[in-house]
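**Student:** Chain by chain, the residues run as shown.
Protein chains: 2
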Amino acid sequence: MHKGNKKIGVAIAGLGTVGVGVIKILEEHKALLADRSGVTLEIVAVSARERAKKRGVNLTNYSWCDNAVDMASLDTVGVVVELIGGSDGPAYALAKETLKRGKHFITANKALIATHGTELALLAEENGGILRFEAAVAGGIPIIKVLSEGLVANRVSGLYGILNGTCNYILTRMEREGLNFDVILKDAQEIGYAEADPTFDIDGIDTAHKTVILAAIAFGCKPDLDNISIDGIRNISSIDIEYARELGYRIKLLGVARQTENGIEQRVHPCMVAINSPIADIHEAINAVVVECDYVGQTVYEGPGAGEGPTASAVVADLLDVARGSATPAFGVLATKLKTPVPMPYSEQKGRFYIRLRVEDQPGVIADITAVLRDEDVSIDSFLQRGEASAGGVYVVFTTHRALESAMKKTIVKLQELPFVLEIPAMLSIEHL
Amino acid sequence: MHKGNKKIGVAIAGLGTVGVGVIKILEEHKALLADRSGVTLEIVAVSARERAKKRGVNLTNYSWCDNAVDMASLDTVGVVVELIGGSDGPAYALAKETLKRGKHFITANKALIATHGTELALLAEENGGILRFEAAVAGGIPIIKVLSEGLVANRVSGLYGILNGTCNYILTRMEREGLNFDVILKDAQEIGYAEADPTFDIDGIDTAHKTVILAAIAFGCKPDLDNISIDGIRNISSIDIEYARELGYRIKLLGVARQTENGIEQRVHPCMVAINSPIADIHEAINAVVVECDYVGQTVYEGPGAGEGPTASAVVADLLDVARGSATPAFGVLATKLKTPVPMPYSEQKGRFYIRLRVEDQPGVIADITAVLRDEDVSIDSFLQRGEASAGGVYVVFTTHRALESAMKKTIVKLQELPFVLEIPAMLSIEHL
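Just so you know, the sequences run in chain order R and E. To convert, count from 1 in the first sequence and add 15; that's my numbering. To convert, count from 1 in the second sequence and add 15; that's my numbering.
Check before you lean on any hint, since a few could be wrong.
It does not matter which identical chain is used: a pair holds within one copy or between any two.
To be verified - Heads up, simulated DSS-like pairs for lysine-lysine below, C-alpha to C-alpha not over 25 Å straight-line:
| # | residue 1 | residue 2 |
| --- | --- | --- |
| 1 | K21 | K69 |
| 2 | K365 | K111 |
| 3 | K22 | K111 |
| 4 | K425 | K21 |
| 5 | K39 | K22 |
| 6 | K201 | K69 |
| 7 | K352 | K429 |
| 8 | K429 | K21 |
| 9 | K354 | K111 |
| 10 | K115 | K69 |
| 11 | K39 | K201 |
| 12 | K354 | K22 |
| 13 | K45 | K201 |
| 14 | K111 | K352 |
| 15 | K69 | K352 |
| 16 | K237 | K45 |
| 17 | K365 | K45 |
| 18 | K201 | K237 |
| 19 | K22 | K352 |
| 20 | K424 | K352 |
| 21 | K424 | K69 |
| 22 | K69 | K365 |
Hint data in this document are derived by calculation from the structure and do not stem from the laboratory.
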């Protein structure tokens, strides 16, 4: 079963926190990992932008490559770990060069896999290499292994998750402290929980990359970044968080993927989730994924979604998969068998919704609002009118039964045109899973 | 990577709900599973006690064996699925016979693996077969794969879980309905949530089998059923559930395994878990496992712990591991490298505790109780005296700071001897994880 004292040479491209974490694990757990895999993983080469930078690990035993792509051609290298980032550029070049040579390629790069995953999986299979990207989604939670191996007996009907720690951290603090998005974002940036340019996180793009990867594995289709609707958390106000609480919900940024009769639905958006749902209590930078399957039913996976230790843990798990010679295809089925996903048409998309309007406090307001809803065939579930808004007027809040999203969009436009409506209505999906 | 249109012949021993579930999945998902593994899993033989029994699946295409052990020697059989149960007898005989022949063996049998796991893993390795038992612990949650592959980069410091659906179902209903154990057990038996002889479940033995298996994989040691303290839920009263709630806890039956400087600690017992802990909200027959690791930190896994679909899902995941030729050893390291576990000495075991006394309502009671605690060096965290007991007297309830378990046992004996103490004190551990 094990291959005695075999060795595999490891090259690491990118020496940020995760790269350093990988080096630490491979050094500290060298004997343990050899016991577990029957193979010694030996770092032979490293590469990063700045050679001189202090990183807290000793690199003198490893070959230094100024150009990461050069590592793929070193005879001593059997597997390349890519931690550079970015969907194209050196990460993509390194991936192709490594896989073309029949070597193994491990990455934490969700943008790369969401964009070029099919091509890279094909390259791996054609040339006999292993492609792995456990660290690309949900950090330390082994969700990719769970989907492609643990739940492999099942047809997955859908999954959803809190996949971005920065957004969940901001939403958690907004709820706890009652402060607005901008204030918390600024603070999160100062203490290192949000990037200087937070666009990828807070506008939902990072979550979209991850959702697309999970959907590909769950449904056996090519990662499809062209057919995912994406909305971030910039427009979430503390007023909505407060109303959510009052209605028995919390607001979370979710990545959602569903296999329906009408095709695959992929969405990233802030959602109201019921307070008793398995992920309402996922706070701060923790990630969680809920998977719905035909035989096993619902299973839930929670853990740290980012950071040196958790992400490096996922990278090293992939290295052990390589060491053990895993035969699981990168996306759970051979890349040649990945289906081209049929996206669910927008006209079919349905949901439940929360709407908040600021209106002038005058007679006839409710009658006019409900008339708009009736005309668009949107049925009301609950209705609140309470409290003067600090900006003037009063808030009217309601939730709907299941309705077509297209009808809701029309409803919002019509509501906005009512003379007594004082600002753009706030609308959020209600997840009922 | 995949081996084209290879076939593996599957034999199934035991045709209860799980066996029937396995047949259903293999039939319904035949093409899907072949796509995922590159191998066709073909049922060739089945065995059960009663041939004539109606099972809702068509068995006419499969060879029938009156004696399960005979299946191991059929040339058409490459992998045997054992769903007979029991630590010895035919299940054990079948396991040995299958593995000696170099064939693969999959089981859902926790008693068998907790008792004979090391021997069977050795047999598998000596003869080139694969041994798998994902379904033996936590049903549909792929916790064994998570520990032996997903978290493989880590040293596990400890884990704990709700591993028995029957106990969790009973405790959930006791809490919701305020009724006593006996009443709920009887009802659970009537609706099929508890066995006619519920001993294995409610006395913690089933949880102990599962805990021992998880500990073996987590710590790389032989399963050690001789060194686990076991206590079930028979003595949990609705009064304690009520006090737990008041103190901010829920009572759950936990399997706990910890690697400490003084050895491995393995315990099964009802515990108070903080209401905001990740598993306090695991209700009814759901299972959950919390794993603490050095690099990834804390991760949590939740899902259905039993039943036809979930358990069969885990069995078929093991079959796919076999089909893909997984090289992961059964317990995460080669059986020849499994350590003999050093149990933590009882004298070192510490914890926090909850004590409930029924006492006569008279002066000096508190002074005498607290004197006993002081003499045993047990420090009080919180103290409640409230409410007349229906059986007479009043309840005095307190929780302790961390204390030696041996000191607590002495404390309980001394408290019981106090003249005003009216019944055997109730004591529960408080899990603070």
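**Student:** Check each numbered hint from earlier against the structure, then list the numbers of those it violates in ascending order.
**Tutor:** 1, 2, 4, 6, 7, 8, 10, 11, 13, 15, 17, 18, 20, 21 and 22
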